[in-house]
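We have chain A already, so just place chain B on it with the hints.
So the chains spell out like this:
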Amino acid sequence: MIRKFYLILFFIIPFNTWALIEVDITRGNLNPLPIAVSPLSIDEESRKKFENILKKENIGSEISSVVEKNLKTSGLFNPLNKDAFLQAPDIANLKPRFEDWSLIKAQALITGKVNLVDEKLRVEFRLWDVLAGKEMMALAFTTVPTNWRRVGHIITDKVYERLTGEKGYFDTRIIYVAEEGPKTRRIKRLAIMDQDGANNKFLTLGNELVLTPRFNPTNQMVTYLSYFRNLPRVYLLDIETGMQEVVGDFPGMTFAPRFSPDGKKIIMSFAKDGNSDIYTMDLENRIVEKITNHPSIDTSPSYSPDGQYICFNSDRSGYQQIYIMKSDGTNVKRISFGKGLYGTPVWSPRGDLIAFTKLHKGKFYIGVMRTDGSGERLLTENFYQEAPSWSPNGRVLIFYRETKTDDKGKGFSAKLWSIDLTGYNERLVSTDTDASDPSWSSLLSN
Amino acid sequence: MIFFLKHLISCEKVNIKKFDQGAIMKLNKILKNAFLIVFASIALSACATQKKTTGQMQGDVYTGTDTVEYLASGVPDRVFFATNESVLTTASRETLRKQAAWLRKNSSITIVLEGHADERGTREYNLALGERRANAAKDYLMTYGISSDRISVLSYGKERPVDSGSNPLAWSKNRRSVTVKAN
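Protein chains in written order, with our numbering: chain A, 990 to 1435; chain B, 5 to 187.
Excised from the complex, chain A in its bound form:
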């Protein structure tokens, strides 16, 4: 029943909305699925022990809050108010009284149980189809107690996948640039956080300018641009160990780095004598290859998920446009032909779309187009925004937006925002500091 509902939600509504999207941003227009997330039940003894270890009064409720917030943020679910729940968590997990849940209009129900087993956190959860009165899924996880938020994210991923048929994106992290200070002397630090903003951590101290961090899609390595010793260079950083190294030995500025989909190469721009071209470096044998050779600016390269093609930004036509080519640099073809300038193309992990930034008549847009340049759709318009990054399932884009300053140069801010591929569900991703250049990791667990 729910499955059927979702087929309709995903395939009919997006088509309906496409015609409307252009520039207009309408929020919450989808019909989100009403879902009840019952607090995970916990026995008194386990509860007390977890309170000791994690300083959380009721870890069962905390985990279910993580799930609830994730589902709400996705824009596809409407978690119902707990005050209306009639059944106690422990009894609901054994066998829900479906009439009670359908009375409050829940179509799906999540229940579960938390225990402490050998100093480990054990969580089991069940997903129920309320209308059909059936269990759809039951899983259990065991992990160290400090991983409790991740358990919440993994549960959300499983529920999301079961109900939508697409992989989730909740057990993921965002690496970004944390910004502070006046616009003319901005202090920038690399920072990393969970997809929902929790567990924020700074990775650099702010002594040198850092820009454009990007995750390796296969592991927890990051590539980024650092002005260490006033030499702008692409670096490779292992976020587990903190070890880092310069990528390649280029006599000048390297920038705009990204990993290949297999994580074995870094593709980037190298600027020399006023000309930027695209290069790759193999991380295993350190072999450097020149991919483009043109007197114009060639930058912002991004591989297709199969590694066969590269999209990039070039001004060889006179102004910034988007091009694609084979990964060896042959068959260069311009794909953006709309009005305005185009930058920062990023290939979707699904392979069918390229997200981009567009500048037209003094406004900036985040949009998507097919890989041949057809079907351009602009998702959001603003004074300044750029640098979209895809969620690992290719469903959501995260990007950054800057505000216009007043006549005295005051009022500047930079923030992360996310938006659904359909142009709906535009949301501020809250960060402690100002933030820019977000990059979404792949799923941490699979």
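Hints should not be assumed to be uniformly reliable.
What the hints assert, rightly or not - In the DMTMM-like style, the derived pairs of lysine to aspartate or glutamate whose C-alpha atoms are separated by at most 20 Å in a straight line are:
id	chain 1	residue 1	chain 2	residue 2
1	A	1061	A	1108
2	A	1397	B	167
3	A	1397	B	70
Said to hold, decoys possible - Sample of chain A residues at the chain B side, in silico, Cβ under 8 Å:
id	residue
4	1171
5	1172
6	1197
7	1201
8	1219
9	1244
10	1245
11	1288
12	1309
13	1333
14	1376
15	1396
16	1401
17	1402
Just so you know, these hints were derived from the structure itself, not from any lab.
Cβ atoms here follow ideal geometry from the backbone N, Cα and C, with glycine treated the same way.
Just chain B now, with coordinates in the frame of chain A:
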């Protein structure tokens, strides 16, 4: 680009009104339609030639001195660029010739050319654009006898504006290449 052109057209219209008021009045009396055509063509030709200065900008290149510092007396440290451009203007070439003369006299000095862009572009493209602008200045200094050994280039893209405003004048100040003493 389109944005700036629009801005220019509105500026030029103001100028014409101010200077050609009498002529316009006469035309208006004779034939309203003819006036409109003439007015439009004047506005267009004014835009095409783009020689009038509007405040501290010529075209959209900054011509003021607010932010300029001096390497030595009479030797300005920076040159300015039009949106998305790295072409040196006549004034920029004059500034760079002064810098070259000063560098020839002070042969032990080495310099860094810092290239910058305004905030109205994507970060990565602007890094490349800043590098291109600084190299335009470098090439010109080299043609006036300054060895490339003495010049290094550093692009900041849009990362280090001098003016934090979000308006065309602020942006014009930020599109620049600055010559900085390195020793």
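Quick rundown of the hints versus the structure:
no.: 1; hint: A/1061 with A/1108; result: 32 Å, violated
no.: 2; hint: A/1397 with B/167; result: 9 Å, holds
no.: 3; hint: A/1397 with B/70; result: 15 Å, holds
no.: 4; hint: 1171; result: 7 Å, holds
no.: 5; hint: 1172; result: 4 Å, holds
no.: 6; hint: 1197; result: 11 Å, violated
no.: 7; hint: 1201; result: 7 Å, holds
no.: 8; hint: 1219; result: 6 Å, holds
no.: 9; hint: 1244; result: 5 Å, holds
no.: 10; hint: 1245; result: 4 Å, holds
no.: 11; hint: 1288; result: 5 Å, holds
no.: 12; hint: 1309; result: 6 Å, holds
no.: 13; hint: 1333; result: 5 Å, holds
no.: 14; hint: 1376; result: 7 Å, holds
no.: 15; hint: 1396; result: 7 Å, holds
no.: 16; hint: 1401; result: 6 Å, holds
no.: 17; hint: 1402; result: 12 Å, violated
Taken one by one, the earlier hints fail for this structure at numbers 1, 6, 17, listed in ascending order.
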